[in-house]
Amino acid sequence: MVGVILGLVVGTGVILLVMGLGKRFAREAVPLLVDLPGGAWVVGGGLGVFTVLGVAGWLRCASEFSDRPRLTRGLHAVGTAVCCAAAFGLLFLLLSGLPGRNCRSESCAYIPGTGSAFLAYVLSAGLVGWLLHRWTNARVKVQAARERERVRRLRKKGKGKSRAAR
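For the sequence shown, the numbering used here gives the first residue as 1, with consecutive numbering after it.
Quick caveat, the hints were computed from the structure, so don't treat them as lab data.
Treat each hint with caution, since some may be false.
Think about it this way: if two alpha-carbon atoms lie no more than 20 Å apart in a straight line, the pair counts; the simulated SDA-like pairs of lysine to any residue are [said to hold, decoys possible]:
hint, residue 1, residue 2
1, Lys23, Trp130
2, Lys23, Glu106
3, Lys23, Leu123
4, Lys141, Val151
5, Lys23, Asn102
6, Lys23, Gly129
7, Lys23, Pro112
8, Lys23, Ser96
9, Lys156, Ala144
10, Lys23, Gly115
11, Lys23, Ala109
12, Lys23, Tyr110
13, Lys23, Leu90
14, Lys23, Lys141
15, Lys23, Asp35
16, Lys157, Lys141
17, Lys23, Leu95
18, Lys141, Gly13
19, Lys157, Ala145
20, Lys23, Ala85
21, Lys23, Cys108
22, Lys23, Leu98
23, Lys23, Val78
24, Lys141, Arg152
25, Lys23, Gly113
26, Lys141, Arg60
27, Lys23, Arg101
28, Lys23, Gly11
29, Lys23, Pro99
30, Lys141, Arg153
31, Lys23, Ser105
32, Lys23, Leu131
33, Lys23, Thr12
34, Lys23, Leu91
35, Lys23, Cys84
36, Lys23, Gly13
37, Lys23, Gly89
38, Lys141, Leu131
39, Lys141, Trp130
All figures in this text were calculated on a predicted structure; none of them were measured in a lab.
Go ahead and model the full structure; you've got the sequences and the hints to work with.
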């Protein structure tokens, strides 16, 4: 029982430490990002595109688990984790630049340019995500049409009949 309580206390401490360090890193990195050439709009748009590509990679890596060797499954798990971190880490990076809700200290103050960067992030992620979705669906429809055409040609030759019709 003592071990479980000690584990929970240490685990909570580690989680709070990681979250605090991540927030501190983000509060120092966001002003540097916003001051890059092109301003907050370009940075937000670029981070939005990177997030969509990270989500696409995450979904692709996550969907390929099967009865493959252990090393391949491990590499897919690492790829999934990296893509997920890339996708959602950038979102939390931008969110940490926005002002804290009930925090009055200077560490929670608004970082100039973060709002426009977040708006550009949302717009670019939505637009690129929608375009990627449309492109993927179009590819699936073309592939289904090719398969229907192949089956139609086989049936025309008499090779695609069902077993009941034979």
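*Can you name, in rising order, the numbers of the hints this structure does not satisfy?*
1, 3, 6, 14, 16, 18, 23 and 32
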